[in-house]
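**Student:** Sequence:
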Amino acid sequence: MMVNLSNIVTEKQNERTLNLDSMSYLEALKIMNEEDQKVPLIVKEVIPDIEKAVKLVVEAFNNDGRLIYAGAGTSGRLGVLDAAECPPTFGTSKHMVRGVIAGGKEAVTNAIEGAEDSELMGIKDLKDISLKSKDIVIGLAASGRTPYVKGCLKYANEIGAATVAISCNKNSEIGLLSDVPIEVSLGPEILTGSTRLKAGTAQKLILNMISTVSMIGIGKVYGNLMVDVQPTNEKLRERAIQIVQSSTGITRSMAQSILQSSNYDVKIAIICILLDIDQSTAINELNASKNHVRKAIENYKNKEEVK
Numbered sequence: 018m019m020v021n022l023s024n025i026v027t028e029k030q031n032e033r034t035l036n037l038d039s040m041s042y043l044e045a046l047k048i049m050n051e052e053d054q055k056v057p058l059i060v061k062e063v064i065p066d067i068e069k070a071v072k073l074v075v076e077a078f079n080n081d082g083r084l085i086y087a088g089a090g091t092s093g094r095l096g097v098l099d100a101a102e103c104p105p106t107f108g109t110s111k112h113m114v115r116g117v118i119a120g121g122k123e124a125v126t127n128a129i130e131g132a133e134d135s136e137l138m139g140i141k142d143l144k145d146i147s148l149k150s151k152d153i154v155i156g157l158a159a160s161g162r163t164p165y166v167k168g169c170l171k172y173a174n175e176i177g178a179a180t181v182a183i184s185c186n187k188n189s190e191i192g193l194l195s196d197v198p199i200e201v202s203l204g205p206e207i208l209t210g211s212t213r214l215k216a217g218t219a220q221k222l223i224l225n226m227i228s229t230v231s232m233i234g235i236g237k238v239y240g241n242l243m244v245d246v247q248p249t250n251e252k253l254r255e256r257a258i259q260i261v262q263s264s265t266g267i268t269r270s271m272a273q274s275i276l277q278s279s280n281y282d283v284k285i286a287i288i289c290i291l292l293d294i295d296q297s298t299a300i301n302e303l304n305a306s307k308n309h310v311r312k313a314i315e316n317y318k319n320k321e322e323v324k
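Take 18 as the starting number for the sequence shown in the working numbering and just add one per residue.
None of these hints come from the bench; they were simulated from the model.
In this text, all values refer to a predicted model and were calculated from it rather than measured experimentally.
Please note that the accuracy of each hint is not assured.
Lysine-lysine pairs mimicking DSS-like chemistry, simulated, CA-CA at most 25 Å apart [said to hold, decoys possible]:
| id | residue 1 | residue 2 |
| --- | --- | --- |
| 1 | K122 | K69 |
| 2 | K307 | K111 |
| 3 | K111 | K61 |
Derived DEER-like restraints, expressed as beta-carbon distance ranges [what the hints assert, rightly or not]:
| id | residue 1 | residue 2 | range |
| --- | --- | --- | --- |
| 4 | A128 | I233 | 30 to 38 Å |
| 5 | M271 | L193 | 40 to 48 Å |
| 6 | K149 | N31 | 52 to 60 Å |
From the three backbone atoms N, C-alpha and C, an ideal C-beta is built for every residue, glycine too.
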């Protein structure tokens, strides 16, 4: 079946770069930078839609659901990348946020021709990870029409999972298949059809916002600190020490000692120090506050005031 790309903005020619091949390196770099500067301002326009997506993600997490990114090519790789960053940054399991990509794991590093053209493969990939109604699927497609992503969204809708669609064309096909469409119209790329450029940048910004603010919503952040960081290497162990120091004002040696005794649980260390309580009590307070450090501290202080 012939695909009509004439109405897809991301496939149109950019009038500013019709002579791109005859520009100097400096001219090409400057115009590329100018086009890139438009991206965050356009993303700003859809923040209300991004907020809707965040609320759905937090709801899924609070119900023990997962966040699943689904995409092909650059869009799929961006989903896989964001998912891969969540365990070390926020201490999530590798299953809580994950990405499925047309063509499977090999497509992360290699172009798999034709992989995106099958809705059935999208459905199969979600069935293979046992998608549940309590999960949420975020479909990514710069064009807004990728069959693989459409298949993923259709299946998610069929079983009652929440759906979000991120595209770089207005009134997109995937938008019509989602509970929350997030659509940014960025204009044509400097290199016609190369959606790894502005479109990819926009998608990365949006994914950053969704995953980060959703993690804030489930207590993975205290102040602006990553208090669920997993100290799996020397750099991250040092970061854990600095987080405890910054949150409590104690010395480095004290922070290190308390972290070692709490198995490098940053949250427990902070609560123990700020409330001057033992680890067992700190664990109980944190659990009662659904893993929110600030709430745990406030709730404990309120109880002490009542006594």
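**Student:** Give a verdict on every hint.
**Tutor:** Evaluation of the provided hints:
1. Annotation: proposed proximity of K122 to K69 is violated, straight-line Cα distance about 30 Å (limit 25 Å).
2. A C-alpha spacing of about 20 Å is found between K307 and K111, which places the hinted pair at or below 25 Å, so the restraint holds.
3. For the suggested pair K111 and K61, the alpha carbons sit about 30 Å apart, so the restraint of at most 25 Å is broken.
4. Against the hinted window of 30 to 38 Å, the Cβ-Cβ separation of A128 and I233 comes to about 35 Å, which satisfies the hint.
5. Between M271 and L193 the beta carbon distance is about 57 Å. The supplied range of 40 to 48 Å is therefore violated.
6. In this structure, K149 and N31 break the distance hint of 52 to 60 Å, their C-beta atoms being roughly 43 Å apart.
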